[in-house]
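So the sequences go chain by chain: Z and L.
In this text, residue positions in the first sequence follow the working numbering: the first is 996, and each later residue adds one.
In this text, residue positions in the second sequence follow the working numbering: the first is 2, and each later residue adds one.
For the record, the hints were derived by calculation from the structure and aren't laboratory data.
Hints are supplied without guarantee of correctness; some may be wrong.
Claimed, not checked - Think about it this way: if two alpha-carbon atoms lie no more than 16 angstroms apart in a straight line, the pair counts; the simulated EDC-like pairs of lysine to aspartate or glutamate are:
(1) K110/L to D1010/Z
(2) K111/L to E1167/Z
(3) K61/L to D39/L
(4) K111/L to D1075/Z
(5) K110/L to D1173/Z
(6) K61/L to D1173/Z
(7) K111/L to D1076/Z
(8) K111/L to E1040/Z
(9) K110/L to D1096/Z
Small disclaimer: the values here were computed from a predicted structure and weren't measured.
As a plain string of letters, each chain reads:
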Amino acid sequence: MAASDPTPQGMPAPDAVKILVAGGFGVGKTTMVGSVSEIVPLRTEEPLTTAGLGVDDLDGIPDKQATTVALDFGRISIGDDLVLYLFGTPGQQRFWFMWNDLAIGALGAVVLVDVRRPESSFAAIDFFERRKIPFVIGVNGFYGEHPYEPDEIREALALPEHTPVLLFDARERASCRDVLIALLDQLIATSAR
Amino acid sequence: MNGGDAAGRLVRPFTLTGGRTRPSRSDFTLITTVTAVDPQPVGGARPQPEHTRILRLCAKPIVVAELATGLDLPVSVVAIMLCDLLEAGRITVRQPRLISRTPDLDLLKKVRDGLGRL
Ligand SMILES: Nc1nc2c(ncn2[C@@H]2O[C@H](COP(=O)(O)OP(=O)(O)OP(=O)(O)O)[C@@H](O)[C@H]2O)c(=O)[nH]1
Ligand SMILES: [Mg+2]
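Chain Z extracted, bound-state conformation (with noise of 0.2 angstroms):
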């Protein structure tokens, strides 16, 4: 093969891009990017005060210098050449400035929602559809129940008409795919327009 150059300098590095697993706390993002990544998902501690933003953001926060993010992150490798980073969004309200960061150069995000407490994505929604960032939702049927249709949550959520809805299980692989699929369909058929 062509491509076994053994020096590091002959290997070209692939091409990287991501995409954000937003929602609530404890919707079920870590567990979607563990399902569809094909390494154990790898966790990186981001300690508060540096997680880019000035410092005077962080009044209010308690316990600042002692406070890390965890951020998890998964791997799909796309051919030899463009490897897809899925990056979960902490949770907890707290750290919800270090979506910004998260945010920049991503291809679009998957909003998870649990869909015994919707309440819980809103933050997350807002927060994409003001950055006008392309979505699609992923309502995660912990239980393996759905008791609502996609048309009753859009509308709960007061979604526009062609943001996708899926109902789908964080912990199945298949599953997360369709819905990081759907994402990729949205993004295509809005950009092809």
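Position chain L with the ligands relative to chain Z; hints supplied.
Frame of chain Z; chain L with the ligands shown alone:
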């Protein structure tokens, strides 16, 4: 939360960066790819042990987020050390494909097809 633990862990990384808490460059996003220059430049300051660890980990191209995980250090700390290495000519940097207002349709289709094969 393991509060006490986290407090103990936080102090140390910053001793590695000479007390600096912010990168001097914003060149390092989570998915910026870094690669050690091979062979390494001769002369200049000898790299510190942590720098040497980074150089080992990025002998093959690796993104910043994975590097931080491999080093078990916060991304922000790693970014500062990467700045030093970049300034010393010891690494090369490749920025991610940023998605602008006019997205790259071919790229999107490629990701879509790749996911379809999963
Ligand atoms: N039964 C069931 N449990 C789930 C499902 N998805 C996630 N869980 C569990 O719910 C809990 C929270 O899931 P996580 O994936 O950690 O949620 P998260 O959104 O990453 O949470 P934070 O990062 O803390 O905001 C974990 O104990 C999961 O095992 C699901 O579809 N069904
Ligand atoms: Mg999580």
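Each hint tested on the structure:
1. Straight-line distance between C-alpha atoms of K110/L and D1010/Z comes to about 14 angstroms, which keeps the hinted pair within the 16 angstroms bound.
2. For the hint pairing K111/L with E1167/Z, the CA-to-CA distance comes to about 23 angstroms; that exceeds 16 angstroms, so the pair is violated.
3. For the given pair, K61/L sits about 10 angstroms from D39/L by alpha-carbon distance, which is consistent with the 16 angstroms threshold.
4. For the proposed pair K111/L and D1075/Z, the alpha carbon gap of about 12 angstroms is at most 16 angstroms, so the pair holds.
5. Proposed proximity of K110/L and D1173/Z is supported: the alpha carbons are some 15 angstroms apart, at most 16 angstroms.
6. Restraint check for K61/L and D1173/Z: the C-alpha separation of about 31 angstroms exceeds 16 angstroms, so the hint is violated.
7. Restraint check: the Cα-Cα separation between K111/L and D1076/Z comes to about 10 angstroms, which is no more than 16 angstroms; the hinted pair holds.
8. Of the pairs offered as hints, the one joining K111/L and E1040/Z is violated, with about 31 angstroms between alpha carbons and a cut-off of 16 angstroms exceeded.
9. Among the hinted pairs, K110/L with D1096/Z is inconsistent with the structure: their alpha-carbon atoms are about 25 angstroms apart, more than 16 angstroms.
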